[in-house]
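Colleague: To convert, note that position 8 of the sequence shown is 50 in this note's numbering; the numbers rise steadily by one, no gaps.
Quick caveat, the hints were computed from the structure, so don't treat them as lab data.
Hints should not be assumed to be uniformly reliable.
As the list claims (entries may be wrong) - Straight line, CA to CA, 25 Å or less: simulated DMTMM-like cross-link-like pairs of lysine to aspartate or glutamate:
| id | residue 1 | residue 2 |
| --- | --- | --- |
| 1 | Lys239 | Asp353 |
| 2 | Lys541 | Glu211 |
| 3 | Lys212 | Asp99 |
| 4 | Lys303 | Asp404 |
| 5 | Lys352 | Glu474 |
| 6 | Lys207 | Asp553 |
| 7 | Lys282 | Glu211 |
| 8 | Lys139 | Asp99 |
All figures in this text were calculated on a predicted structure; none of them were measured in a lab.
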Amino acid sequence: MKKYSLYAVLLLFITSCSSDFLDRNPLDQPSNETFWNTEKDALAAATGCYEGWYSMDEVIYFDCASDNSYNPFPWENWQVQATGYATANDFGQNYMKYDKIVRCNNFLANIDRPTMSEETRSRLTAEVRFLRAWHYFLKVTLYGDVPLVTEVLDISNSNLPRTPKAEVEKFILDELTAIASQLPEKYTGGDIGRVTKGAALTLKARMEIFSGDYAACASTCDQIMKLGYSLFPDYKGLFKIANVNNEEVIMDVQYVENLAKNAILGVMPPASLGGWSSINPTQALADAYECIDGKTINESPGYNPKDPYKDRDPRLAASLIYPGCLYEGSYFNPIDIKDPTGDYYAPYGRSKTGYHTRKYIDNLSDYADMWNTGMNAIVMRYAEVLLMYAESKIELNQIDASVYEALNAIRTRAGMPEVDRSIYNNQVKMRELVRRERRVELALEGLRWFDICRWKIGEEVMPGQVYGALLGTVDPATGALSLGDERIKVEVRLFDPAKNYLWAIPQSVIDATPAIKQNPGY
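Please work from the sequences and hints to get the whole structure.
Modeller: Next comes the structure, spelled out in structure tokens:
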């Protein structure tokens, strides 16, 4: 795949678009007409469709739109997504662009032209149909109704209204069902990172569970569970560069140091280590991790609020850099106010919650330069499939041995005890468990906002005061904590359930395409 990257740059110019919302043609017709001749052309064109399909930025930042994390820098365009103050002119992230879909549509309109192997033509077509379905998945889950465009438009027919959400979801599911059988189960060598059958089915399962079709999701997950994926034995090691492309990864964004570099990991470490402290996990996320006895912090007799990180689910230490933990050769101390004004927020670059993300940056020495790495961004992994399977069976009230087996596999891999069946023995308790398990297993991997929306729990978890760690001191020799009663206060958020389950459509989109109408409340 990588050998076609530079050749694919040509395609990006060929499929360059106007600045209008739906990025309608005219394309560069002479170039487009003369390009599609050989299999090499088709491979380059498909690689061009992969360009920017997703990124490490989105994987690590997306939880900042949820109750899991906080983004302290408004210019990074994530803070407003969580506050409830987004507007059509201050909308944060924009997923209403259609440039990548135009690229996919252009590929699909021309893939029949080159002289090439029919097997390769079929596979590449399936890959690009997946990528187009992926972009629609993001759009429909974030905005609801969106224009469904499946062909290259000319300027006379591009002012399209929004297509009902149900129709877009059906299109996504139909596409993924059709292409799954046309994709290989795995790739080797330089083709690792391309779309597989498992990726198509996993996106299909996501769309099914997000739309509440639990029976279909359970069936799709069952298909994926027979494809040979397994949990990587070490939860912390799952996010290390030494273990990229391991047996748990279903789909990721591939990076190559120096050539197609991952330039984003540096936003996560503390400023004292050269990072930006851009992603600050919240106290609500830290509190979600159970104690090592398998009980929540509200239930476990071993939980000590003044030593809150002791004897906790090992995934907490694998996912968060927290006060008193050993990180990069010293005990992390973000909670001792040293500014003479007494203002906790004064030191620029300090975490505003007292926490940092640890996934992907467990050891900065893994990278020669944390701003230029070959670390891949995991977008889909097998643990999510097990969790979707368990959740679907629970929602169907079909709680059998397979549900406990799926959850126990995830828990024991993390170093946690198996599910206590004497407590978790009914639909209500199992729903509580699987939602908590999903939150901590997939923490800071970009899925929490979507879960909040589909579970309709936004009004419970999003509004009000966002808190960080307790203030106090950290013994520099031992990491021992001496915590007071004052907790960091981060920001106050709003959440209107009649409005905030959907994002604001940028005003520029509405101005350019009058048929597009704004979501309610904006």
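Colleague: Confirm or reject each hint.
Modeller: Evaluated hints:
no., hint, result
1, Lys239 / Asp353, "40 Å, violated"
2, Lys541 / Glu211, "21 Å, holds"
3, Lys212 / Asp99, "29 Å, violated"
4, Lys303 / Asp404, "19 Å, holds"
5, Lys352 / Glu474, "23 Å, holds"
6, Lys207 / Asp553, "22 Å, holds"
7, Lys282 / Glu211, "34 Å, violated"
8, Lys139 / Asp99, "17 Å, holds"
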